[in-house]
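Protein sequence lines, in the order shown, are assigned to chains A and B. Read left to right, the first sequence gives residues 1 to 45 (the UniProt record's numbering). Read left to right, the second sequence gives residues 1 to 525 (the UniProt record's numbering).
Derived by calculation from the structure, the hints in this document are not laboratory data. For glycine and all other residues, C-beta sits at the position ideal for the given N, C-alpha and C. No false leads were mixed into what you were given.
Part of the chain B face toward chain A, derived, beta carbon under 10 Å:
hint, residue
1, G52
2, A214
3, F221
4, S268
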Amino acid sequence: MSAAAIIMLIIAILTVWGGLALALVNLQRHPEDDTMMPEEHAPEL
Amino acid sequence: MSSKAVPGGTHESKHKRETWSTRKVFILAAIGSAVGLGNIWRFPYVAYENGGGAFIIPYLVALLFAGIPLLFLDYAVGHKFRGSAPLAYRRLHRRAEGLGWWQVAICFVIAVYYAVIIAWAGMYMIFSFTEAWGDDPEGFFIGQFLQVSENVNIGFDFVPGVLVPLVLVWALVLFVLAAGVQKGIGRANIIFLPLLLVMFLVLVVQALFLPGAADGLDALFTPNWAALADTGVWAAAFGQIFFSLSVAFGIMVTYASYLKRRTDLTGSGYVVAFSNSGFEILAGIGVFAAVGFMAYSAGAPVNEVAGSGGIGLAFIAFPTIISQAPLGALLGVLFFGSLVFAGLTSLISIVEVIISAVQDKLGLRRVPATMAVGLPMALVSILLFPTTTGLNLLDVTDAFVNNFGIMAAAFVAVLLLTYGFRALPMLGGHVNETSSIKLGRGWRIMVGIVAPVVLGYILINELIARIQEGYNEMPAWFVGVFGWGMAGALIVIAFLLSLIPWSSRSAATHPVLDAADTDPKEASR
Chain A
1 MSAAAIIMLI
11 IAILTVWGGL
21 ALALVNLQRH
31 PEDDTMMPEE
41 HAPEL
Chain B
1 MSSKAVPGGT
11 HESKHKRETW
21 STRKVFILAA
31 IGSAVGLGNI
41 WRFPYVAYEN
51 GGGAFIIPYL
61 VALLFAGIPL
71 LFLDYAVGHK
81 FRGSAPLAYR
91 RLHRRAEGLG
101 WWQVAICFVI
111 AVYYAVIIAW
121 AGMYMIFSFT
131 EAWGDDPEGF
141 FIGQFLQVSE
151 NVNIGFDFVP
161 GVLVPLVLVW
171 ALVLFVLAAG
181 VQKGIGRANI
191 IFLPLLLVMF
201 LVLVVQALFL
211 PGAADGLDAL
221 FTPNWAALAD
231 TGVWAAAFGQ
241 IFFSLSVAFG
251 IMVTYASYLK
261 RRTDLTGSGY
271 VVAFSNSGFE
281 ILAGIGVFAA
291 VGFMAYSAGA
301 PVNEVAGSGG
311 IGLAFIAFPT
321 IISQAPLGAL
331 LGVLFFGSLV
341 FAGLTSLISI
351 VEVIISAVQD
361 KLGLRRVPAT
371 MAVGLPMALV
381 SILLFPTTTG
391 LNLLDVTDAF
401 VNNFGIMAAA
411 FVAVLLLTYG
421 FRALPMLGGH
431 VNETSSIKLG
441 RGWRIMVGIV
451 APVVLGYILI
461 NELIARIQEG
471 YNEMPAWFVG
481 VFGWGMAGAL
491 IVIAFLLSLI
501 PWSSRSAATH
511 PVLDAADTDP
521 KEASR
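Next up, chain B with everything else stripped away, as it sits in the complex (with noise of 0.2 Å):
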């Protein structure tokens, strides 16, 4: 702890920053924004593909030796600079400030499209009582839901099935965003996680008692020992839990920024992450039997029709499963259900890190805040995928942004902490102030080494396997705007945002609140 004074203290009640009441609300909201759609349909295909049970060591040597140390590394830099990325990044280092803006546009991106899933997921939920989609899913889903153009463009013709639950999500997210952070994003966790957990509980008792369940599970626990000596499989494990996390583009960096002071970093760090590995491995378990439940009815081996997980997964495969199963209605209301509010829970996370950064370099209040980031962006979200078109632009943008955005924004943000700024000792040193578990040389280099290692090498194949192949047979151009185009906006973008003054408002004129190293006039000049 400090004891130097800080001047300027007049500004504590004019800039007073939200803190969560205890270190469970935290602790619950790190998780809410963890688990998300990718745990439930994402983590069984990638185990599934790359090795069944044997890839639980790679998954595990992923979470412990990556996920782990870079999700201490996000909650020390927001910990210590008590910021919204990009005035933490700042008050780190005045030419870190971009890096948070790349994160903060990376948020956006996703955000957009991420609410119609939830969107979808809230319809489907709907659909499950009277079995909407009949004995042809695809057809449904493709056809008469999302009415898919056979154009891959933009259009404006609106699916009014889709737009409607759309503005929904967005009214609902902004509503409790505009709360604030304990009695809006705290509150909406307390109460939709336990409600998530619960519900995805039943839908895997339900699905386990499913004919065929064990021959689902066989198939995705069948250890692959071969695999091992692939660099792909490793690749992917490291993949999962990289995104599984939400590390690296500023949502555990805003989350940590409202502790208070003496919090244990690590030891709610590995709570955070092993609840979510713990949801994903009951999420294989429930996917995986109502898989082999399909496999069952349809007299095939579940490699036939297991598919590849995502979307297919999730409105098409399931509602056959639903279609077939005793109790089909119960069973899509807990998996759509689950959908919804594990997805509801990461949206507000990703919305959350643009209102923060926002109002820290406007010194906006929270609800004016709240309104110049959140209309905007349902307004773009609204405008451009509940449309006939909209399916292309999800799918593109969403391959980009997570490997060319996310990945790559992660690359340079541990390449420039550990070797740019040299950070890691002092940010290590400040989580091991207040913490159980404490940060040393091995943190230093899993972050400094490890990660950066890994994450070039993912990042280069991607970029590779991209250049050479396209993307799903996608017009060049389409790829082109909304792929390679959007991704390269994006740091252009976060860096003239980077380039705009602060307010004389805003929080950078604020003293960092208990950074001892670093000098309050540098941070606030």
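Just chain A, same shape as in the assembly (with noise of 0.2 Å):
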């Protein structure tokens, strides 16, 4: 492979799959809200 097709593959896995890490760990930061568990309707009615 060349210098130039190895540097765009890195690129190419660390921008797509960096941003997948990014956005579960934004994910993990923001966890579900465990009392508005299933519901059978919307909480205010």
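From these two lone chains plus the hints, build me the complex, please.
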């Protein structure tokens, strides 16, 4: 493989899978609200 | 959250809407829907033909500036108005109901042929053990397996080798859908998606160890920077992101409508979007490593053997690779198994759009709605496609429903929501109530300006090309009926369906839950 191809392969992997890692971290920092688990209807009703 | 008392509270038990048990299940189902055949056989070739390694730049731009904003738009409509596409759009504005039915009609057409490709892939999984194609994969696929007729028309000469697996695909999909949102769709994705990921990872590792793999990756990732000056390359990137993320044809509206009220929509959406793209990159690596091996075996450069992806890659090029590779049968089972599982989770989501719409409109329960939608659909699919004339029909309907169905509906949807109903501030506000990443003016610009410009550009280019060139040298009457005619009929059918009154038992009489700024009386009228 040429150096340019290897660099672009690494950039592609880092940006996309890095983006996925960041998205997962963000989701973990905002855990699901357990007090609002499956509901029959909207809580205000 | 609204504190407004909603009238008609007694309806709740009657119209209890199904929900995902947790957001994890929703995320898995949404990824299962987005990751489909296109990720495996379309993305690697779009990238290869549009700048190679340089393609990552327009690709990321398209993902961040069009794909993800449109994904959030779908989530917002489905989650706020808590309905299938027609009901959600109707609750947004009475005149928008037809847009929802247009998306439903598009899903109908896609589902009837998509199932056939899954049936082929299932058969090829079995063929991989014996390498049934011998030394002529192309002749085997066209001649022996599909028995493609020389005449381009519609016929009813059934091919049992396709008919039987197709019936099984429909039986499985309808079984899953009849079981419901959580117990059916959720559970299927919890099983199929990890299975797909593991199979595909093993496939990629196996492909990377084949001789010539590095040459394939070199061909895919060597950047051609000049391509970035070509608007066609940018259009290809937006088109790929757009088809791949399953935005704007009702799926994400429907899936988001089953979410609980307090769900981090944007946080979940980023995970879905990047998982989908992550899988595409993985597919690019796996497919081009294998193509590199094919070139090595043929003693030819990669560009001479690469072909053009799609059905040719899966059912002609891959069998060639399987015959030549060490442990070829394993490679075949992994590849075709991946197509089957990726396809099934997508097909489930496509059919769910229709079931959910019919369920809402007629006030049916899950099993009767599944049967009312699924059986006629399966019948159409089984009558038209496992025949000697099915391949041409599939080819033309696929091309036209993608461009003049999905793409056109998306274009109309962003224009209507932005300028017709001026709904973006309200939808963005809804998302912001419960989401970790907020949507502001940037999002409204992406959805209201960038998306329509790009979609309009791609649509007009495609329109000009099809009018000037026709399609794949097929007879004009055939393209006219099953291409143009079909795409036009979808709009007419959508309009007619929107005129049918809603059943008194339907969900339309149910007040919009948690839609603070929508008058429930207006919505249920």
